[in-house]
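Chemist: From first to last, the protein sequence lines stand for chains A and B.
So the first sequence is numbered by my numbering: it starts at 1 and just counts up by one.
So the second sequence is numbered by my numbering: it starts at 363 and just counts up by one.
Hints were generated in silico from the structure; no laboratory data involved.
These numbers were taken from a predicted model, which means no experiment stands behind them.
Even for Gly, the Cβ is constructed at its ideal location relative to N, Cα and C.
Check the hints yourself; a few may be wrong.
Once the Cα atoms are required to be at most 30 Å apart in a straight line, the calculated DSS-like pairs of lysine-lysine come out as [what the hints assert, rightly or not]:
#1 B/LYS615 / B/LYS550
#2 B/LYS488 / B/LYS500
#3 B/LYS500 / A/LYS120
#4 A/LYS347 / A/LYS120
#5 B/LYS488 / A/LYS120
#6 A/LYS350 / B/LYS509
#7 A/LYS328 / A/LYS297
#8 A/LYS357 / B/LYS500
#9 A/LYS357 / A/LYS347
#10 A/LYS297 / A/LYS357
#11 A/LYS315 / A/LYS350
#12 A/LYS297 / A/LYS315
#13 A/LYS355 / B/LYS500
#14 B/LYS598 / B/LYS615
#15 A/LYS120 / A/LYS315
The following residues of chain A were derived to be distant from chain B, with all beta-carbon distances above 10 Å [as the list claims (entries may be wrong)]:
#16 THR111
#17 ILE113
#18 TYR141
#19 ASN290
#20 SER316
#21 SER327
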Amino acid sequence: MTVITSQIRPNAKAGGAREWLRKSFFGNWFDACLSIVLLFISLKLGWSFLQWALLNAVWTPNAPELCGAGGACWSVISTRWRLIFFGLYPADEQWRAALACLIIVAAVVMTCIPRFFTLKGILMIWGVSFPSFLLLMGGGYFGLSPVPTERWSGLPLTLYIYASTILLGMPSAILIALGRRSPYPAIRIILGLVVDLVRSLPLLTILFSFSLVIPLFLPAQLTFDKVYRVIIGFTLFFACYQSEVIRGGLQSVASGQEEAARALGLNYFQRMGHVVLPQALRNTMPMTINQFVVTFKDTSFIVVVGLFELLAAAKSAYGVPEWSAYSKEVYVFIALIYFVFSYSMSKYGKYLELKMKASSAR
Amino acid sequence: METTLSASNEAPSVIAITMRGVNKWYGSYHALRDINLSVRHGERIVLCGPSGSGKSTLIRCINRLEEHQEGDIVVDGIEITDNTRNIDSVRSEVGMVFQNFNLFPHLTILENCVLAPTLVRRVTRKEAEETALHFLEKVRIPEQAHKFPGQLSGGQQQRVAIARALCMQPRIMLFDEPTSALDPEMIKEVLDTMIELANEGTTMVCVTHEMGFAQAVADRVIFMDRGEIVEEGPPKTFFNNPQSERTRSFLGKILGH
Ligand SMILES: Nc1ncnc2c1ncn2[C@@H]1O[C@H](COP(=O)(O)OP(=O)(O)O)[C@@H](O)[C@H]1O
Ligand SMILES: [Mg+2]
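Just chain B, with the same shape it has in the complex (with noise of 0.2 Å):
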């Protein structure tokens, strides 16, 4: 608890993510410098910047995929360190959503989204259904609930792989590169999920290079390259007035096409 107050002058009910001095390390590639952030709940952050700068690597040691060996990282209250039950109940209340789904192939969809809260909620089989249909219906999955992942498109796969994490109903959701294995004409169905999901105030953390996306919902934008946060700010400003040489090469880059 006094960790989470010392992180932040803020109160810690009010601070989602908290990441203080974290650096990581591939053997001897130094692939995050130095990272500083705080998400505030309710925050919309878009994450952007180069292939290979960091970004997955940056969200995953948010619910600990990767683990970090400087700084600190403090997710809803709840320091990440070795201890595997803090690790458990930080994961318990972060939703994340991969570049691939990761479905479970061997299960059908409704399965899919009952798996974790009846195993790690332990709620009820009849109230899990419940709240996977709630969230099914709610990214327009209809009538697909006993097909398996295998017998639907890419865009209806990944709108469910955001219904089974929103089945824990999470405090916070990453998302890594979402759309990125998507074809075109599926990519709106995917962000227009995420959109509603953020005009309902979830705290969202988001690896994506949709900058029409970013500019529509995020409250701020973060600019990474070469395992560090270089520039960050609301989107009016980050889109229309780059402070940073790079900024404005990435940005040109991605908005030119």
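Only chain A is shown next, with the shape it has when bound in the complex (with noise of 0.2 Å):
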């Protein structure tokens, strides 16, 4: 059987791929013509692109009489980098949230490796990274001088609230999951009812009620920090659309594994723990990965409330007379900052996917 496959396979492939192109894009003489027009456009596009970005493009630092000639201007990338990267954050003590940024993404990194999937790896990983990762951007120990979250800016500003709101909106996702399975109707109404709620709603409104619109109506003395409430309203959201997948997981258990777990005594908490979560993550892996990085995408949003992450940082950077033109070479550098941490999600999240379809034809 296997090496029936293994021997055609190559084959087909390698015969399929040309065939492959030769039908759907020279078929027949307009599709031929429209191949070849569309080629070509994309060809000079993409030496449009070339030429500006790299041939031409101006590097020097702090140099913007440099720029102009057709060439992108990537001084102001060399000159006001730790202004994007850092924003308002102490100019001495930028090493610190450097550092901070780089112990964040060790972590993800190592929460990937599949020896560590397990509860206690993740809260081994998380629990000393995630206060390393506090301290020192807040300081206040160890000589570390103290800087307020309200300078925190940049993009260890994007990643606190984006790794509070994953770390935060997993564990919640997982009990609204399981509360819409609960014996109690109360419980599964309410719960159904908020999930349905908050996704019906886009998350700019979302962000919006969170960080201005529910502090006028709470006491002052409720009120707390702008990042905070942020950090609530994005967790609500992402916890609300990943508990249906983390649901639909729980539904693809066979009844029989909770039957066969609940038959050898263990209880609800056990089953959960042991037998049916731990399933129903598995199966989901590739979807929840999905939802990671569609979050990621979506912590742009915080700009419009007035915090002062990546996006906005990015913005400040050219927003002085002798950077104004550059805007452009500004959100490319930051397209591409998003771009690496999305798409190296989305790539280990398809490998995890082909490696699951390996071990389940097993």
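Make the complex out of the two chains shown on their own, each in a separate frame, by following the hints.
Modeler: And the structure:
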């Protein structure tokens, strides 16, 4: 069986790709013309971009006077990258912000290693990295000068909001998904309503309500920092979407699994924790990673409620007269940062999906 | 304790399971009708009957995978009620083997066997592994402890499921058509394991259509139809001299081919 497929596949694939190309792009003379015109246009566009981005570009820092000759003005990045990455964070302390970012990225990478996929592994990684991040950013101990959250900005702020959203949102999503299978109808109905309500609102509305509207109704003693309100709004939004993903995963676990666990005497938490949830989460891993990617991109919405995250910091980078003409470059650079994060996450998701297919075909 | 004593004339240490006047409905469908049954420790019971007659429902009421609405069920001296603590302690004394094995696919064979003893009985990991290896050896799954269920044949998976149940050292074993999902060539290996258990004096309630197994090991065969117990008796009388017309027609069908 395996012998046959492995013999046929490579040939079929090599021949198939060429055949597919020929059929789909040069099937008749109209298709062929269209393909050639499109190919020409994309080559032309690609070449102009290359000329702009690399060949005619200016890289020298602090030299706006050299720019403007048709090439990209990367000097805006090489001059003001600190502002883009770290925003208002005190200049002398920016090494702390950089280190904090590295810690979060390292924690994400470690979480992606299958050996640490257990609850214990994940708690260990994030139990160490997240407090270190907070300590480095906030200071106040070990001779680090305190930096209030209002000055956290740029990439560390984006990562802070993102990591908090995921760390708070995943457990909430699991609880919501389990609650929606509760034997108590009241819990099921209320959670169902909340999830449907939140999912039918745009993220922007939720961010606005949490950061601007809700504080108007709360007594002054109860209002807390805007960053935390944004995190709560974000977490709610993420948890509602992710709970639907997990709910699908729970439904995909055969009912015999919980029955067998029950027959062995495992109580509810043991059945969920050791038998049902591990399978449900594993089955939904690709969907979950997709949700992580979407949420990462959504962090750029925070700019509208006036927090100084990556996008806002980028805006301020070209917000002075000598650089005001070069917003394009700044946005391309920011897009690249988002791309690197999102693309590596979705690639990792694809890899996991393939690996899971391979192991279920075992 | 009082209920136990009144449930039977015999001492509770002798009686494994008592069902008295048990009725169960699925919605308006009457699935169990006035079931009275008493199983002594060490007894081997085979439960048979046409499909849909309520055999699974009956044995699933014994460890509360299904809830009965009327009557009393007492297992090993513990009355089955809504009390979750009672239910948990009954479940840890009653092992169950399912038609579809229901092994945990994300855990290795060894982890499947170690899970419940460490979580429920709270034995040490080392002790649990020793017990697991002992029972895996007993069901003749050599050297497979670190594989995943998906890598084993159906017959092997079912024997692992038996070992997993035995690892809790239950006082009673329930089997729900353990060989029905198996290819014919694998049925014998599972039946052999079950016969071995039976010969060691394990209390067993076994839903099966393997009449050879019933004749070889059962102390009593119980025939169910349409949610009620129609007839019961030792295998000899049951097979050679069935009393009820329904039993005769069922045996005619099942022994016919
Ligand atoms: N969860 C359920 N909900 C509704 N009806 C059920 C359920 N489980 C079983 N039944 C019905 O109860 C009857 C007895 O089922 P079961 O005990 O599985 O029979 P057997 O195991 O003898 O084949 C069948 O008619 C079946 O359709
Ligand atoms: Mg059945």
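Chemist: The structure should be examined with respect to each hint, and the outcome stated for every one.
Modeler: Each hint tested on the structure:
1. B/LYS615 / B/LYS550: Measuring from Cα to Cα gives roughly 22 Å; hence the hint holds.
2. B/LYS488 / B/LYS500: 18 Å, holds
3. B/LYS500 / A/LYS120: Violated, at about 33 Å.
4. A/LYS347 / A/LYS120: Given that 30 Å is the threshold and the Cα spacing comes to 25 Å, the pair holds.
5. B/LYS488 / A/LYS120: The hint holds at about 20 Å.
6. A/LYS350 / B/LYS509: The hint holds at about 26 Å.
7. A/LYS328 / A/LYS297: Distance of about 19 Å is within 30 Å: holds.
8. A/LYS357 / B/LYS500: 34 Å, violated
9. A/LYS357 / A/LYS347: 15 Å, holds
10. A/LYS297 / A/LYS357: 27 Å, holds
11. A/LYS315 / A/LYS350: The hint is violated at about 33 Å.
12. A/LYS297 / A/LYS315: Holds, at roughly 17 Å.
13. A/LYS355 / B/LYS500: 34 Å, violated
14. B/LYS598 / B/LYS615: 18 Å, holds
15. A/LYS120 / A/LYS315: 41 Å, violated
16. THR111: 18 Å, holds
17. ILE113: Nearest chain B Cβ is 18 Å from A/ILE113, so the label holds.
18. TYR141: For A/TYR141, whose nearest Cβ neighbour in chain B is about 39 Å away, the distance exceeds 10 Å, so it holds.
19. ASN290: Holds, because the least Cβ-Cβ distance between A/ASN290 and chain B comes to about 21 Å, which exceeds 10 Å.
20. SER316: At about 49 Å from chain B, A/SER316 clears the 10 Å cut-off, so the statement holds.
21. SER327: 50 Å, holds
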